[in-house]
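Engineer: Below are the chains, spelled out letter by letter.
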Amino acid sequence: MTITPNAAPLICLRGVRKSFGTFEVLRGIDMDIRKGEVVAIIGPSGSGKSTILRTINGLTPINEGTIQVGDIEVSDPKLDQVKLRHRVGMVFQQYNLFPHKTVLENVAMAPIQVLRQPRRLVEERARKLLADMRLPDKASSYPGELSGGQQQRVAIARALCMEPEVILFDEVTAALDPEMVKEVLSAVRKVAEDGMTCILVTHEMGFAREAADHVYFTDKGVIVEHAPPADFFTKASDPRTKEFLSKVL
Amino acid sequence: MNQANLLAQILEWMPFVLQGFVLNILMSVLAIAIGTTVGTFLGFGQISPNILIGAPAKLATQLFRNAPWLVLLFYCIFLMPYQVNIGGVMIQLPSWLRATIGFSFPVAANFSEIVRGSVNSVPRGQWEAAEALGYSRRATLFRIILPQCVTRMVPPWMNLYALLLTATPLSMIVGVEEALGRTQAAVQAQSDSRVLIPMYLALLAMFFLYTWPINRLSLMLERRFRTK
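So the protein lines, in turn, are chains A and B. 1 is the number of the first residue of the first sequence in the UniProt record's numbering; add one for each residue after it. 1 is the number of the first residue of the second sequence in the UniProt record's numbering; add one for each residue after it.
The hints are simulated quantities; they were obtained by calculation from the structure and are not laboratory data. Remember, it's a predicted structure, so these values are computed and weren't measured experimentally. Keep in mind that the hints are not guaranteed to be accurate.
To be verified - Interface residues of chain B toward chain A, partial, derived using beta-carbon atoms under 8 Å:
no., residue
1, Glu-113
2, Gly-125
3, Gln-126
4, Ala-129
5, Ala-132
6, Leu-133
7, Tyr-135
8, Ile-144
9, Pro-147
Unchecked claim - Residues from chain A that keep clear of chain B, each with C-beta distances beyond 10 Å, as calculated:
no., residue
10, Gly-15
11, Arg-34
12, Asp-71
13, Gln-81
14, Arg-134
15, Asp-137
16, Asp-194
17, Lys-220
18, Pro-239
Just so you know, even glycine gets a beta-carbon here, dropped at the ideal spot from N, CA and C.
Modelling step: build the complete structure from the supplied sequences, incorporating the hints.
Structural biologist: Take a look at the structure:
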């Protein structure tokens, strides 16, 4: 949670551009995220927030610019996918749990099958993570038997079980019923407080304000401004930010 | 008295027709086995990102799916040799076997579409979640996508089988002695116009009694998988 401004950034984006067909979603994105930082990206829909996240773990290949995660160059054509995915976890809006696997299998399968870690060790870790996510008795349930909030917490445990250095949260509460938003946000909060580097795309302004160390505001494929939340929500300088905040706050 | 005679006469011919029906079943079971195997590969080919695999698989699927079954049957009956030489051993290919291979083509093409369709019906998020966890494309397909597809494929596969069985009498046209051909022969042999309708009704009943439970089962499975 503490920011050490002089430390080298863990994640570094420089001049990142991405087009889908003729539509340019990202028009030169620069970001620096340090280890342990919690960063919230907010902005109107279609402004490229989610695309930024997806470029960081290579789900969306970029057209121009560079993305560095630790010593990994994400846009390197010879990129070791497994190594990158080991370091960068992701949680999706629609949870995307595997419906034919139990909760425990969902959490433990990738470390066993992809990272080739011993099953016993991984399952022990998975059970502990499920307990942390307050789902200790759901290990042998199937995702379809859980509520949306529970599924999303399983998805967070699944990301954590890969022991990544950073987790990307892509609008993780957007698909949830209001009464489940809180339980997921407190789970995200716990992850952040345990020192995990987190990048969240979110519409939960209250959460961004409380939990983030840094807030980025994007509009039409560029970062309009970024600041610590205390400053961002009270003394935003750019008219686009002001307009957005006046709508959502 | 007359009615009873007629019934006895028809029953007398039933074993003859039923033997033909066994051939219909044999052809359909073999053709669904061959067609499903070939169709699985064609279906995987269709979803391959490699154009050298994807394009021929798509072409073959479209070609055999959109051709009349009877035309494909004619091709196999008249273009395939009567016997093949495998390592010095002459193997006879009777017409029912060639017809079976003829039926396998459209079955393979239709199953190829079932595979493609069911893989594509799995939400994109499943692929993304697997990719974000470090699974390769191939591992995602086999470990995560296909296990979810199998249940989705069973009902349309069973429908395809029912369709195939009802198409097997087409092989009568190319001289296979199956149930329809035998019914026709039996009617002619009896030279009694009164047996015509009951004989064909019996044939219909045979197909219906065999196919209907399959369709019911497929409907039931479809409902079961949908609610899950």
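Engineer: For each hint, tell me whether it holds in the structure or not.
Structural biologist: Results for each hint:
| no. | hint | result |
| --- | --- | --- |
| 1 | Glu-113 | violated, 23 Å |
| 2 | Gly-125 | holds, 4 Å |
| 3 | Gln-126 | holds, 6 Å |
| 4 | Ala-129 | holds, 4 Å |
| 5 | Ala-132 | holds, 4 Å |
| 6 | Leu-133 | holds, 4 Å |
| 7 | Tyr-135 | holds, 6 Å |
| 8 | Ile-144 | holds, 6 Å |
| 9 | Pro-147 | holds, 5 Å |
| 10 | Gly-15 | holds, 24 Å |
| 11 | Arg-34 | holds, 22 Å |
| 12 | Asp-71 | holds, 18 Å |
| 13 | Gln-81 | violated, 6 Å |
| 14 | Arg-134 | holds, 22 Å |
| 15 | Asp-137 | holds, 22 Å |
| 16 | Asp-194 | holds, 20 Å |
| 17 | Lys-220 | holds, 25 Å |
| 18 | Pro-239 | holds, 35 Å |
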